[in-house]
Structure formats: structure tokens, C-alpha cells
Amino acid sequence: MNGAPLLEANGLSVAIAGKQVCRELELSLTAGQSLGVLGSNGVGKTTLLHTLAGLRAPATGEVRLQEMPLTQLSRRSVAQRLGLLMQQPEDSLPATVLETALIGRHPHLDFWRWESHADVAIARRALRTVGLEGLEQRSQTALSGGERRRLALATVLVQDPLVFLLDEPAQQLDLHHQLSLLGLLKQRVESAGRALIMSLHDINLAARFCSHALLMFGEGECLQGPADAVLTAENLSRLYHTPVNAVSWPNGRAFVAG
Amino acid sequence: MQPHPRLLIWLPALVLLALVAFCLSLGVGSTPLSPAAVWQAISGHGDELSRMVVLQLRLPRAMDSFAVGGLLALSGALMQVLLRNPLADPYILGVSGGAAMGALSALFAGLAGLWVNGAAFAGALLSILVVFALAHGRGGWTPTRLLLTGIAIAAGWGALISLLLVLSSGPTMQAMLFWLMGDFSYQSSDWLPLVVIFAGLLLWLPFARHLNVLARGETLAEALGVPVRPLTLAIYIGASLFTAVAVTQAGAIGFVGLVVPHMLRLTIGGDHRRLLPAAALAGGSLLLVADTLARSVAAPRQLPVGVVTAAVGVPLFLYLLNRARGPL
Numbered sequence: 001m002n003g004a005p006l007l008e009a010n011g012l013s014v015a016i017a018g019k020q021v022c023r024e025l026e027l028s029l030t031a032g033q034s035l036g037v038l039g040s041n042g043v044g045k046t047t048l049l050h051t052l053a054g055l056r057a058p059a060t061g062e063v064r065l066q067e068m069p070l071t072q073l074s075r076r077s078v079a080q081r082l083g084l085l086m087q088q089p090e091d092s093l094p095a096t097v098l099e100t101a102l103i104g105r106h107p108h109l110d111f112w113r114w115e116s117h118a119d120v121a122i123a124r125r126a127l128r129t130v131g132l133e134g135l136e137q138r139s140q141t142a143l144s145g146g147e148r149r150r151l152a153l154a155t156v157l158v159q160d161p162l163v164f165l166l167d168e169p170a171q172q173l174d175l176h177h178q179l180s181l182l183g184l185l186k187q188r189v190e191s192a193g194r195a196l197i198m199s200l201h202d203i204n205l206a207a208r209f210c211s212h213a214l215l216m217f218g219e220g221e222c223l224q225g226p227a228d229a230v231l232t233a234e235n236l237s238r239l240y241h242t243p244v245n246a247v248s249w250p251n252g253r254a255f256v257a258g
Numbered sequence: 001m002q003p004h005p006r007l008l009i010w011l012p013a014l015v016l017l018a019l020v021a022f023c024l025s026l027g028v029g030s031t032p033l034s035p036a037a038v039w040q041a042i043s044g045h046g047d048e049l050s051r052m053v054v055l056q057l058r059l060p061r062a063m064d065s066f067a068v069g070g071l072l073a074l075s076g077a078l079m080q081v082l083l084r085n086p087l088a089d090p091y092i093l094g095v096s097g098g099a100a101m102g103a104l105s106a107l108f109a110g111l112a113g114l115w116v117n118g119a120a121f122a123g124a125l126l127s128i129l130v131v132f133a134l135a136h137g138r139g140g141w142t143p144t145r146l147l148l149t150g151i152a153i154a155a156g157w158g159a160l161i162s163l164l165l166v167l168s169s170g171p172t173m174q175a176m177l178f179w180l181m182g183d184f185s186y187q188s189s190d191w192l193p194l195v196v197i198f199a200g201l202l203l204w205l206p207f208a209r210h211l212n213v214l215a216r217g218e219t220l221a222e223a224l225g226v227p228v229r230p231l232t233l234a235i236y237i238g239a240s241l242f243t244a245v246a247v248t249q250a251g252a253i254g255f256v257g258l259v260v261p262h263m264l265r266l267t268i269g270g271d272h273r274r275l276l277p278a279a280a281l282a283g284g285s286l287l288l289v290a291d292t293l294a295r296s297v298a299a300p301r302q303l304p305v306g307v308v309t310a311a312v313g314v315p316l317f318l319y320l321l322n323r324a325r326g327p328l
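Residue numbers (the working numbering), protein chains in the order written: chain A, 1 to 258; chain B, 1 to 328.
Please keep in mind that the hints were generated in silico from the structure rather than gathered at the bench. Mixed in with the good hints, there may be bad ones.
[Claimed, not checked] Sample of chain B residues lacking proximity to chain A, with all beta carbon distances greater than 10 Å (derived):
no.	residue
1	A37
2	W115
3	L180
4	R216
5	G217
[Unchecked claim] With the Cβ distance kept under 8 Å, some of the chain B side facing chain A (calculated, not the full set):
no.	residue
6	P206
7	V213
8	T219
9	L220
Glycine included, each C-beta is placed from N, C-alpha and C at the ideal position.
Could you build the full structure based on these sequences and the hints that come with them?
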């Protein structure tokens, strides 16, 4: 899809604890594109996502949101257009499921405003989308791991950003919810002009739901391009230090280890 | 949240509770007065004696204890957000220890009255600064680091306090123990705590939605556009100063700051736009009732009010905790 990029990284170098995450990385994401980030544990996928979200400063280079450097935008203005799903829930005080989802409206509300009925309707719709209908008044601590994951995803849906940055969105989800929720995101990205970057450990989910892929080999070495071109048995074997084979089946390709 | 239906019930209910607590406090004592007599005295009628009892003796003390209770509950609610820990109370970061050290040093030196208050406030400020400097260290603090620093400093103050108690004797030691338990019988300024609590509420209420977001986690709050660093710093300083003012007025009264915000989280929920005003009203009312009991139950002897807050609060809290459905 054409148009001005929603999110760009120019000459982005990121390091954490003396370890290089990426070097001189160039990224450009336009509306309708979804980028899958793959790499072994500890290679820096989360660090990269947090840098793209503006939560940490890069060593060099810059991140641009709709052609404006993140450093020149207020946190609130960033949050209106860029949403982050974190890999792990943080320590938090007790709250209900509905209250937690409503938090996603925060960047869109004026300083003095309370959430309106329309905001509550948005939150309820998102909870319905992720299959948490009927649990609105439940304490969020009473949810299972997978339900909590879907609640976090619902909060990002309530935030309704232009750019989704999702850190392992499929983690803890059962097969049905992996497919339905990633399918929903893909559809939203393609039909509503959004862009998406997500880290994944499941190559097949990346092949199925991502238009582009970024492989992180460690030591700052990255490889990116259209998913079809980048996700090959050879690249993936090198990425995971494990033999990976591609098998054809009627609906496309699938990858199996060993 | 849209103005929740329960808000419409709870706010007037808590205001009513506060008014009842005031009536009780102004009426009860060695000269019992009916609510009508109290009202006459306040409105400038009634006889000389009841006017003097109400306006000069009981009202200042009632305002003081109400404001102190409100400040402690408000501070507790803020500390719980700061540390994302429902076990946090106003004293957890060592403010009361610093204040106690100041007050006890003054008592040890044979000082009294406003000197004790001044020394307590100075001690609290010292403790706030020390914890801040140590926890902040090289940029940024985490809740855990802040908590551990605060607890370590509090333990240090505790040891010094024990040392002072051991070194002193007789009436000085009794005065020290009373101070430590929390006590309103000292001379104190009437208006300062009330002014601080009103100003504090006015300052914090506009940011209550930010507190709701921060309560869900620091990184999430940052990602949702909350300026986390300035906000957490403001909470630390704000909550510590509320505690410092409260402790300076009446010593380290336990329990109110931990349990009132908790009881409210269990009953009216965790939205700080409701929780902060509710905490101020409920904390104030609880301490006002407790102080009224403290000075009247064993009259003419006065009990330390901290003993009474525990006696009233512990059963109430345990009841609510057991009644709450599901895990916290």
C-alpha cells in the first residue's frame, strides 16, 4: 500500500547492557503493512519495540511517527497514535476488567474529562472482541493468564492507535484466540489504514499474518524484507541455530523444525 | 469512568458521616452537650460555658484530628499508587520515623510545645530528602528500590528511637511513648492541617485519572502518555509532606493511612477521582471518632488515639476483607 510512512526508523542503533540490538537500522512502515520481528531469546526484540515506542532513547538515529521525530512530540501525542502491548503485565493495584480496558482511552481524553458513555461503549466492544464479555466487573487478578493477555490486547484496541507495537501478542493464547485475534489485527491494519509491528516466536504465525519480516540475528545484524522473501528455510535455520524446513501445503508454506 | 451511580451515594454518605463525627466530637466530653446545644454554641448563641467548651476546646481539636486523619488516608492512597503496592502506608518510606526522631530528640532535650512540632517536621523533611537522594541515586528509581531504601531508613530511625527511649527516664519517657502512639493533647496549630488537606485535594484531584493509569504500571502509563517521572516525583513529595504535616500535629497514628484507602478500594473501587476525596472524608471521620473515644472512654484519663484507631479499625477492616469477593 502506498502513502507516507506512519512509522520510520532512520539509522537506528540500539544497545542494551553492552549488547548491540541493531545497527544503523532503517525501517519504514506504511499503512496496511505488518512487520513480524523474529529472533532468539534475548536478542533484543523487546528493547527494539520499546525504542520504537519512544520509551528508551536509541544510541544513534531517530524514530519518526508520521514524519515527526518522537523526541519532538509530547508523550500524549505519541500515545494517541502509537500503542504498545507489553510482553509482561507489571505490578499493579487491583482493578476491574472494565476499568483496566478503559485505561486505553486516557490519551484521547482532555485533562478534565471523565470517560463518557461512548468511551465505555468502546471498551465494552473491545472486551467483546477479545472474548471477555460478561467479565467486565470481575477483578483483573481473578483472570487466567490467557484472559489477562486478551485484556491487555483489549486495552490496546481501546487505545485504537495508528501504529500497533505488540510484544509477543500470541503468547499464552490458545490456538483459537491466536488465529482470531491476529486475524482481527491484520484486518484492522489492512482495512483501516493502520500499521503493525509484532514480535513472534511462531514462524507460521509470522508467515500467515505479516506482510514483512525482520530477522534479528544478534550482534546488531538484522535482515528485513517482504515476508515471502525473508522467511526461508535457510534464513530461519541460521536465525534459530536449528534446522528449519519449509513444507508446502495447499494453502501455502509451513515451517517445521528439524 | 462516567460518574458512577455509586459515587452519588458514597459522596453524600461520607459527608454525612463527617458531620455526624463532628457533632459527636463536639458534644461528647466532661460537659455533655446535645447536638442542638452544639449548634447554638457554634452559631454564637447558648451560654458562655458551652460556647467556650465547643469553640475553644473541642472544635480546634476536632478540626485537627479530622484533618490529620484525612491527610494520613490521602497520603496512604498516594503511596499505594507510587509503589503499586496495596500494603504501602504513609509511614512505609520512613517519614514518621524521621519525625519521631526529631520530636523525641526535642523531648529528650527538655523542650516542649511547638518546639516538638518543629523538630518533628524538620526530622520528617530530613528523612524525605535522605530517602529521595539514596533511592534516586544515578537517575531513576524503581518502586522496589524506593521501598527498600525507605524501609532501611525507617529501620535506622527505629533503632535511634529505641536508643533515645532507653536513655531517657520517667515522665520524659512517658511523653515520648505518647508521642509515638499518636496523641492530640499537645498544643498544635488548628488551621494548618485543614488548609493542607484542602490544598492537597485541589492539587491532586485533576491528576486523579493519571493516578488511575499509573496504578496499572509504570511502563504502561508511560506508553499511554503519562509523564511518569514528574508524576512519581510529585506523588513522593506530596504524600511525604502530607504525612509530615499529619505526624507533626499528632505523632505517628497507625492504621488510618493503610486501612482507610483499602476499605475504600474494597467498597467504592479503585478510581482515584472517587478514592481521594472519599479517603480524605473517611480518614478524617475515623480519626475524629477515634479521638473522641480516646479522650472520653476512660475520662479523665486520655488514651493514645493510635490505640483507639486500631481497636475501631482492625475489626472493621477484617470484616470488609472477608466480605470482599474474589482475590484482591
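Please confirm whether A37 of chain B is truly not at the interface, meaning its C-beta sits more than 10 Å away from all C-beta atoms of chain A.
A37 of chain B clear of chain A: closest Cβ-Cβ about 43 Å, beyond 10 Å.
Given L220 of chain B as an interface hint, is the shortest Cβ-Cβ distance to chain A below 8 Å?
Holds: closest Cβ of chain A sits about 6 Å from L220 of chain B, inside 8 Å.
Would R216 of chain B pass as off the interface with chain A, using Cβ distances and a cut of 10 Å?
Per Cβ check, R216 of chain B is inside 10 Å of chain A; nearest 5 Å; violated.
Is it correct that the beta-carbon of G217 of chain B has no partner in chain A closer than or equal to 10 Å?
violated, 3 Å
Do the numbers back the hint for T219 of chain B, that is, is its least Cβ distance to chain A under 8 Å?
holds, 6 Å
Minimum C-beta separation from W115 of chain B to chain A exceeding 10 Å: can you confirm that?
W115 of chain B is indeed farther than 10 Å from all Cβ atoms of chain A, at 40 Å.
10 Å cut-off, C-beta based - L180 of chain B kept clear of every residue in chain A:
holds, 30 Å
Can V213 of chain B be said to touch chain A, with a Cβ gap under 8 Å?
holds, 5 Å
For the hint on P206 of chain B, does the least C-beta distance to chain A fall short of 8 Å?
holds, 7 Å
In summary, the numbered hints that this structure violates are 4, 5.
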